[in-house]
Amino acid sequence: MRTSFLAREVRGGLRRNFTMTVALIVSVAVSLTLFGSALLMRSQVDRMKGYWYDKVQVSVFLCGANSLAVTCSSGAVTDAQRQDIRTTLQGLQPTVQSVYYESADEAYARFKEQFKGSPLVANVTATALPESFRVKLDDPKNYDVVANALNGKAGVESIQDQRKLLERFFRILHGLQTFAMAIAVAMLLVTVFLVMNTVRVAAFARRRETSIMRSVGASNASIRLPFILEAVTASVLGAGLAAGTLVAVKQFVIDARLQPSLTFIAWVTWQDVITILPWLFVVGIGTAIVASGLTLRRYLRG
Amino acid sequence: MISFDNVSKQYKNSNRPALTDINLDVEQGEFVFLVGSSGSGKSSLLRLLLKEETPTTGLVTIDGINIGKLANRKVPKLRRTMGIVFQDFRLLPSKSVFDNVAFGMEVIGKNRKEIRQRVPEVIELVGLEGKEDRLPSELSGGEQQRVALARAFINQPKILLADEPTGNLDPSTSVGIMKLLDRINRTGTTILMATHDVAIVDQMRKRIVQLDHGTIVRDQARGMYGHAGH
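Chains B and Y, in that order, give the protein sequences. Each residue of the first sequence is one higher than the one before, counting from 1 in the working numbering. Each residue of the second sequence is one higher than the one before, counting from 1 in the working numbering.
Source of the hints: derived by calculation from the structure; they are not laboratory data. Keep in mind that this is a model prediction, so the values were computed, not measured. Each residue gets a CB set at the ideal place from its N, CA and C atoms; glycine is no exception. Wrong hints could be hidden among the right ones.
Said to hold, decoys possible - Reference excerpt, derived from the structure (chain Y facing chain B, CB under 8 angstroms, subset only): (1) Val32; (2) Lys74; (3) Pro76; (4) Arg79; (5) Leu92; (6) Ile108; (7) Asn111; (8) Asn155.
Claimed, not checked - Going by beta-carbon spacing under 7 angstroms, a handful of chain B positions derived as facing chain Y: (9) Phe5; (10) Val216; (11) Gly217; (12) Ser219; (13) Ala248; (14) Gln251; (15) Val253.
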């Protein structure tokens, strides 16, 4: 079949079935936007994991004058205790990569910097913040090694694993991602049914054309091709809208708003976004071909 | 070129066979009327030739090819050697006369040059020159059937099947269509025409095959409708 004739048939078919075509485009756009968002979220989580796990530390807080922990019964940490803890930590190499001591004054300075402009700062004094050792591990999973070595040691008020805090956060993100993917799959299913229905209606509306095509000896492929191409065209438009939406989210939401205000998070890059876009088209076109092909097998039998 | 050997056709949901033990041979270039009342099996016979149905028993061959055993993917090629017209014309209402005729070439992949050359020739053959841009709704019944004939003939089929082509037309218009069919027949095209039209059959004096309840009750060269020898 000549391409110009085919293009004319496809255009005419889409126009005649206008409302269904619009429904199909919107449905494909919504489901693929969700699908793309779920993929983007996964890249985002990966980025954040890479960025934060790299910075994750174990904080060993030392006893202050007012600490209530059992190990602090003798009051604020003494110089000897502090030295003992440092030696213990340094003895844990290579699991422990580096040990950094943060005094109460330094903790206060950092606190002031982090909460600049907040009324909190006025109410907190340097003595309220504990001094601590910041311990960097070779692998954030090896927290237990530090915990076992320091548990119950005099002068240690508490040991905090930042990774645990992050993991709870990542679990929430992972849940959101699964949720988005589930909705995307449900929407794709809806899209499949919509494609099937649209193609069925189109095939019924044009049963005269197809019966003439059959009677003059058009091949099965060329009878079905216009219908499949109509579904594919609508899907490509829908995938294009979805791609545009993701690009807009990256440009106007992530880059323009989130990134400047939430600088301590590593955001998805354009590279991440561009890797995802082709998949929208692959899934969209694949769905259209499979759904319309199956329908036509049933409704346009030679 | 067309031959039916002991062909019977039994539809699934029917208790009576549509065709019983049909034996029929049609030579290249013949003009054959298939007559008989509704339900006598005329349409079933045409459907077997188009491979819209397969025979329950027996052998249908065209040019020595067993149609009943033809693989599905070869059916389009078979149909390209045949043209068909119906009582209700079956034109595409949104396409012009030219596009309706060209449709038969477009869908089997003929190129633009062939189409531009062939379509006007056939439109002239059926006597519709000057009406290429009209829509079917702007034509009379006779003119619409001429468009359908042009489309059926566009790919120069060896066989033309006509299922009650004058069924919706008045007698004088029917005569024009029959003249056209006769002209097409003279180009060497074999024509099988199912009809009820007594006047036409009597006038044309062609071979008549009469069906009754799925069997051939008369096969007569240069026959008349009402004067059956049974």
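Consistency of the hints with the structure:
1. Look at Val32(Y): its Cβ only gets to about 20 angstroms from chain B, farther than 8 angstroms, so that hint breaks.
2. Annotation: Lys74(Y) was flagged as interfacial toward chain B, and the flag is violated, the nearest CB pair being 10 angstroms apart, outside 8 angstroms.
3. Taken as an interface hint, Pro76(Y) checks out: its beta carbon lies about 4 angstroms from the nearest beta carbon of chain B, inside 8 angstroms.
4. Among the interface hints, the one on Arg79(Y) holds; its C-beta lies about 4 angstroms from the nearest C-beta in chain B, closer than the 8 angstroms criterion.
5. With 8 angstroms as the threshold, the beta carbon of Leu92(Y) comes within range of chain B, its nearest partner Cβ sitting at about 6 angstroms, so the hint holds.
6. A hinted interface residue such as Ile108(Y) counts as satisfied when its beta carbon comes closer than 8 angstroms to some beta carbon of chain B; here the least separation is about 6 angstroms, so the hint holds.
7. Annotation: interface hint on Asn111(Y) holds; nearest CB of chain B at approximately 7 angstroms, less than 8 angstroms.
8. At its closest, the beta carbon of Asn155(Y) sits 7 angstroms from a beta carbon of chain B; the interface hint therefore holds under the 8 angstroms criterion.
9. At a threshold of 7 angstroms, the smallest CB-CB gap from Phe5(B) to chain Y is about 5 angstroms, leaving the interface hint in force.
10. A least Cβ separation of about 5 angstroms between Val216(B) and chain Y falls short of the 7 angstroms threshold, and the interface hint therefore holds.
11. Given the 7 angstroms rule on beta carbons, the hint for Gly217(B) holds: about 3 angstroms separates it from the nearest Cβ of chain Y.
12. Here the hint on Ser219(B) is kept, as its CB sits about 5 angstroms from the closest CB of chain Y, short of 7 angstroms.
13. A distance limit of 7 angstroms between C-beta atoms decides the matter here; for Ala248(B) the minimum to chain Y is near 39 angstroms, and the interface restraint is violated.
14. Against a cut-off of 7 angstroms between C-beta atoms, the interface hint on Gln251(B) is violated, since the closest Cβ of chain Y lies about 44 angstroms away.
15. Because the beta carbon of Val253(B) sits about 46 angstroms from the nearest beta carbon in chain Y, more than 7 angstroms, this interface hint is broken.
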